[in-house]
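Peer 1: What follows is the residue order along each chain.
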Amino acid sequence: MKAILKAKESAILILFAAVFICFAQLSERFATPDNLFNVARQYSELAVVSIGLTMVIITGGIDISVGSMVGISSILVGVLGAKMGLNVWLACLLAMVGGLACGLINGLVITKLRVQPIVATLAMLSAARGLAWILSGARSLSGFPDSFVALGQTAIGPMPLSVVVALVLVTLGIVVLRYTALGRAIYAVGSSEEAARLSGVSVFRIKLFAYAVTGLLCGLGGVIMAARLASSVPDAGSGFEFEAITAVVMGGSSLKGGEGSIIGTIIGVAVMGIIRNGLNLIGVPNIWQVLFLGVMLILAVLGDNLRTWIRARQVTG
Amino acid sequence: MRTKYAIYAISIILLISFGLSGCTRRVEKPAQTTTPAQPAKSGRKIAFVMKLIGIPYTNACERGMKKAADELGIDAVFLGPPTGGDTIKQIDIIEDQISRGVDAIIISPNDDQAVKPVIQKAMSKGVKVFTWDSDAPESKRIFYVAAADDVGIGTEVIDRVAKDIGGKGKVAVMTGSPNALNLNLHVQGVEQGVKKYPGIKLVKPYLFNDDDPQKAIQLAITTLQANPDLAAFACVNSPGVPGAARALIQTGKEGKVVVWGLSLPSENRDYLKQGVVNGLTLWDPAKLTYVTTKLVNDYLDGKKPVNGMEIPGIGKLKVSPTGVIIMPGAIITKENVDQFDF
Numbered sequence: 000m001k002a003i004l005k006a007k008e009s010a011i012l013i014l015f016a017a018v019f020i021c022f023a024q025l026s027e028r029f030a031t032p033d034n035l036f037n038v039a040r041q042y043s044e045l046a047v048v049s050i051g052l053t054m055v056i057i058t059g060g061i062d063i064s065v066g067s068m069v070g071i072s073s074i075l076v077g078v079l080g081a082k083m084g085l086n087v088w089l090a091c092l093l094a095m096v097g098g099l100a101c102g103l104i105n106g107l108v109i110t111k112l113r114v115q116p117i118v119a120t121l122a123m124l125s126a127a128r129g130l131a132w133i134l135s136g137a138r139s140l141s142g143f144p145d146s147f148v149a150l151g152q153t154a155i156g157p158m159p160l161s162v163v164v165a166l167v168l169v170t171l172g173i174v175v176l177r178y179t180a181l182g183r184a185i186y187a188v189g190s191s192e193e194a195a196r197l198s199g200v201s202v203f204r205i206k207l208f209a210y211a212v213t214g215l216l217c218g219l220g221g222v223i224m225a226a227r228l229a230s231s232v233p234d235a236g237s238g239f240e241f242e243a244i245t246a247v248v249m250g251g252s253s254l255k256g257g258e259g260s261i262i263g264t265i266i267g268v269a270v271m272g273i274i275r276n277g278l279n280l281i282g283v284p285n286i287w288q289v290l291f292l293g294v295m296l297i298l299a300v301l302g303d304n305l306r307t308w309i310r311a312r313q314v315t316g
Numbered sequence: 000m001r002t003k004y005a006i007y008a009i010s011i012i013l014l015i016s017f018g019l020s021g022c023t024r025r026v027e028k029p030a031q032t033t034t035p036a037q038p039a040k041s042g043r044k045i046a047f048v049m050k051l052i053g054i055p056y057t058n059a060c061e062r063g064m065k066k067a068a069d070e071l072g073i074d075a076v077f078l079g080p081p082t083g084g085d086t087i088k089q090i091d092i093i094e095d096q097i098s099r100g101v102d103a104i105i106i107s108p109n110d111d112q113a114v115k116p117v118i119q120k121a122m123s124k125g126v127k128v129f130t131w132d133s134d135a136p137e138s139k140r141i142f143y144v145a146a147a148d149d150v151g152i153g154t155e156v157i158d159r160v161a162k163d164i165g166g167k168g169k170v171a172v173m174t175g176s177p178n179a180l181n182l183n184l185h186v187q188g189v190e191q192g193v194k195k196y197p198g199i200k201l202v203k204p205y206l207f208n209d210d211d212p213q214k215a216i217q218l219a220i221t222t223l224q225a226n227p228d229l230a231a232f233a234c235v236n237s238p239g240v241p242g243a244a245r246a247l248i249q250t251g252k253e254g255k256v257v258v259w260g261l262s263l264p265s266e267n268r269d270y271l272k273q274g275v276v277n278g279l280t281l282w283d284p285a286k287l288t289y290v291t292t293k294l295v296n297d298y299l300d301g302k303k304p305v306n307g308m309e310i311p312g313i314g315k316l317k318v319s320p321t322g323v324i325i326m327p328g329a330i331i332t333k334e335n336v337d338q339f340d341f
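Just so you know, the protein sequences line up as chains A and B, in that order. Quick note on numbering: the first sequence equals residues 0 to 316 in numbering that gives the first Met the number 0. Quick note on numbering: the second sequence equals residues 0 to 341 in numbering that gives the first Met the number 0.
The hints are simulated quantities; they were obtained by calculation from the structure and are not laboratory data. Please read these numbers as outputs of a predicted model, since none were measured by experiment. Where is the CB? At the ideal position from N, CA and C, for every residue including glycine. It is possible that part of the hints are untrue.
Said to hold, decoys possible - If you anchor each label on the Cβ, the simulated ranges turn out as follows:
#1 Trp308(A) <-> Tyr298(B): 58 to 66 Å
#2 Val167(A) <-> Gln191(B): 32 to 40 Å
#3 Trp88(A) <-> Gln191(B): 40 to 48 Å
#4 Gln187(B) <-> Gly142(A): 43 to 51 Å
Chain B extracted, bound-state conformation:
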């Protein structure tokens, strides 16, 4: 009699488990992008592993990837840790994709040193590894796709700030994680560029927001309180600009402090129009990921990228001998912000 209860109970547990697995199966469909009717390449699987997922920048990247994957008829997934700066979870995800047997993995590493062993492991198992958005130049990755010269874009930001503050004042530098190579190169660009303006002083320490929008706001507010005469924020990662903007609004200082940075027009449109943010320099992350997907697919077909090659709708690509590929970017201000849909 009681054994019957036990059997019922166990069956319920099993049913719930299978039911949940049914849920995950339904969730699985939107994350994949193949349709069986596509051309012969539909067996190809690639995986993008971003520093994190769930912020506008990464959502835009994912859109670009899906567009290219649909056009090419390949299976592409966009993965990453749910929170910023999580090197270990990112490596675990990469290892799982190696296990999954994908043809290629494209990484934007949280830490360019820590990913070296896992990239080596992947390449030795026949999985081709590339980087995009942020590089791991000392690793065995095949090539790196960027949308700008990582150092040059930092210099661009400080140049724009300098123009708006008349070449003198205190400037706070906002960045993401201290280990992300692309961000460190942007900051290097800021440091190199600021030498031209002896009247500008960079506030130390730099603000590390770990790609967290909340942290960006808090750090900005603290800096404003510690430096009431702050002239500008120079932000090199995308949550930095809206974070600084919100902080200025909350402390009532909007319009009095200049804000320039790398961020998306879609998340800053209102701030630009209200004059809280002075301008953005960025590329379209969707286009960047779109181009990367196509270049990776070409490589898997045996076609290597060539310097000066033209991609329709994007422009000419610069390809360096060390495998760095750059596509053109844009300057966004309140005058032209509506032209951009990313």
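Pulled out of the complex, with its shape left as it was, chain A reads as follows:
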């Protein structure tokens, strides 16, 4: 018990448990496997995107273009796969390459051109979203082959496929961050760029990696979303940046960099998922959800600060 409390993610985990118990009391459909898997399915895109964003934030940067990158990827699947009739799997691959390209552009502009991350990704946010609207004519695209639509609905056992994919990627992310030199380098760059550079870490490569991976994961997120909805919506991913950053910060990452974990982020995503789902199930108007989320964010951050304060007092006695 003490070990769990001491863990970095204890604050958000406790918050998750508290919210879960509340909703389980308020709605008898909430804690059913059917409903929970449904929530997991709806949030699998956000989970995937948040993996990359966690890494970016740990390096001390930020990426507010994640929503737009999901959008352009989703539209690429639609334009290439549905409208132009390309093989749909090829379209998916190209969409992910598109996401990767956007991520690389972000990374290069930030490292080589030395533009501040928020400014660079703000530009990408507008550019990618605009491109998505232009390519789609601001209309949604559908007409995917049945095999693609079926993919969005398939499940492995009771778990939807997108959830399995998200879990695999989350595990991969956790392993990379915690147990590889690459992961340690990411934390190092976030804690102190100078110190990292002096220890032989290529700060340029690490940052580029973080932004590029985020772009690639957004590409995947766009593909998952297109399969789930069986159509490409030009506004796909709109507002994702707000949700993803909230999840990452809730999970204990510091926006200054050097701190954070994917486990925490994923619990953050889960908290946001069950809040929205729970409020819908008990019939609370959707306008309250944003307020609720803001309150949860503050509680999560306060909880985390409290934990830091407790640990500091324990160390200094």
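Based on these hints, arrange chain B on the given structure of chain A.
Peer 2: Structure of chain B alone, referenced to chain A:
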């Protein structure tokens, strides 16, 4: 000693969470409409999922739903994304209602193509799906309730505009989201109707305000600046008319440009009386949703809608073989605007 602080702190967090859950419980009560003393149907749950919530049109729909739900003694909720044009959030809400195990879902889709899979999912799980206000004709929905022939009402608007501008001039078309089927059919009606008036030119591109009142004003102002000789605005969604009206007032052109559209008398009463807006064609969205609630409830009881059936206080309904149901509407001008309370 320090462990004590930790325990206190954690308890505070838990208490706050439970307290907040208490808040949501209190908020929950006004959103539901059942009272336990009602007749046997009180176990029935239905959900309306609108394109968005929070504009006068949708508030009126909600009133109609509540009135019917109270009379029938069923549990009805009115949901929708907080902002306009959000297809994805709307689908998420529908999925949550399926999880909730409602008996029926009634949708006004932001995108008639994108909702097809989720409608299929609902029907396959035994949740009956209907559409109202805007249709998804290619989906598995059981029937669609409209308050007008979607194409015909567009033609009506351009006919009224043409009369007021003498059959010639430039007309700007204001609509909501490019994917909403009902709006696209209204625009189709405008395009068909305008063929009768060779002197009228429709300004392209059409103005898409995404059901956002602010965007409606901005688009109208930009159009006025780009076309100083604009003769009229033809608006097919409810935020369009007050948006055009405000734009005319802000640019000092009120009274010089004709405005007709589908919008509520309650949000345009002053504009009508001051002559900024020439007239409205609409139905009462509260009555539309009231009728829909009753028809859905009847269906769940095994009573299907029949062509020519009469609803007290509303009139006769036309029911087509493809499941399209239409109820009568109204023309509203400054002379009769006070008769209407929606």
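Peer 1: Honestly, which of those hints from before does the structure not fit?
Peer 2: Result: hints 2, 4 break, sorted rising.
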